[in-house]
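Undergrad: Start from the sequences and build out the full structure, keeping to the hints where you can.
Heads up: the protein sequence lines correspond to chains S and Z, in order. For the first sequence, our numbering gives the first residue as 1, with consecutive numbering after it. For the second sequence, our numbering gives the first residue as 1, with consecutive numbering after it.
Since the hints were derived computationally from the structure, they do not count as laboratory data. Wrong hints could be hidden among the right ones.
[To be verified] Calculated lysine-lysine pairs in the DSBU-like style (CA-CA distance at most 35 Å, straight line):
1. S/Lys94 - Z/Lys65
2. Z/Lys36 - S/Lys17
3. Z/Lys68 - S/Lys65
4. S/Lys78 - Z/Lys83
5. Z/Lys36 - Z/Lys65
6. Z/Lys78 - Z/Lys65
7. S/Lys17 - S/Lys94
8. S/Lys94 - S/Lys36
9. Z/Lys83 - Z/Lys94
10. S/Lys83 - Z/Lys17
11. Z/Lys17 - S/Lys78
12. S/Lys68 - Z/Lys78
13. Z/Lys94 - S/Lys68
14. S/Lys94 - Z/Lys33
15. Z/Lys81 - S/Lys81
16. Z/Lys78 - S/Lys65
17. Z/Lys17 - Z/Lys65
18. S/Lys17 - Z/Lys81
19. Z/Lys83 - S/Lys36
20. Z/Lys36 - S/Lys68
21. S/Lys78 - S/Lys36
22. S/Lys94 - Z/Lys81
23. Z/Lys68 - Z/Lys78
Remember, predicted model here, so these are calculated numbers, not experimental data.
Protein chains: 2
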Amino acid sequence: MNSPAFTPYYAVIFTSKLSNSEGYAEMAVEMEKLAKQQDGFIGIDSAREDVGITVSYWRDVESIKAWKENFAHLQAQKLGKEKWYESYSVRIAKVEREYGN
Amino acid sequence: MNSPAFTPYYAVIFTSKLSNSEGYAEMAVEMEKLAKQQDGFIGIDSAREDVGITVSYWRDVESIKAWKENFAHLQAQKLGKEKWYESYSVRIAKVEREYGN
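TA: Structure, rendered in structure tokens:
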């Protein structure tokens, strides 16, 4: 995410290791599209090497909760646990400061 | 980072795009080694594709500040701005909740 937002706002730090990648990339693209349509969405960054890291940014915890409970996202979370993720962590963090160039 | 820590603790979310990667990987390895020796360090995750994301986890803002001011790290930050980063952002965020499998 390039454009700075006014602090405080929230970050969801999602890290994962995949046991299986069949169909994963398609789901990830679809979820990113959907997240961008959610109220309170600010931005998203994603990269995967040994570990995958996706950080999405949100206006507040309410918008994170609504996204967590989005129907298509719930289906993706379920499939993730059953099929794709060897391990995963979700961290909800309040962004207090930011700077950059 | 696999092992969960007791919330709250802090995350430094560093995202960057490189304009030049000469010598970058060596510096990154060196900085990760040094960070791990700092008081208050909890863990680190890193991945790079189009964008590079490094999330490091710390006990508190004081330990983040001490790491930011570490001499070798200051040198690396300076080189980063002069030589490696097309763009970068640093976000300091308080981890309030975490869950995973």
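Undergrad: Checking against the hints above, which ones are violated?
TA: 4, 12, 15 and 16
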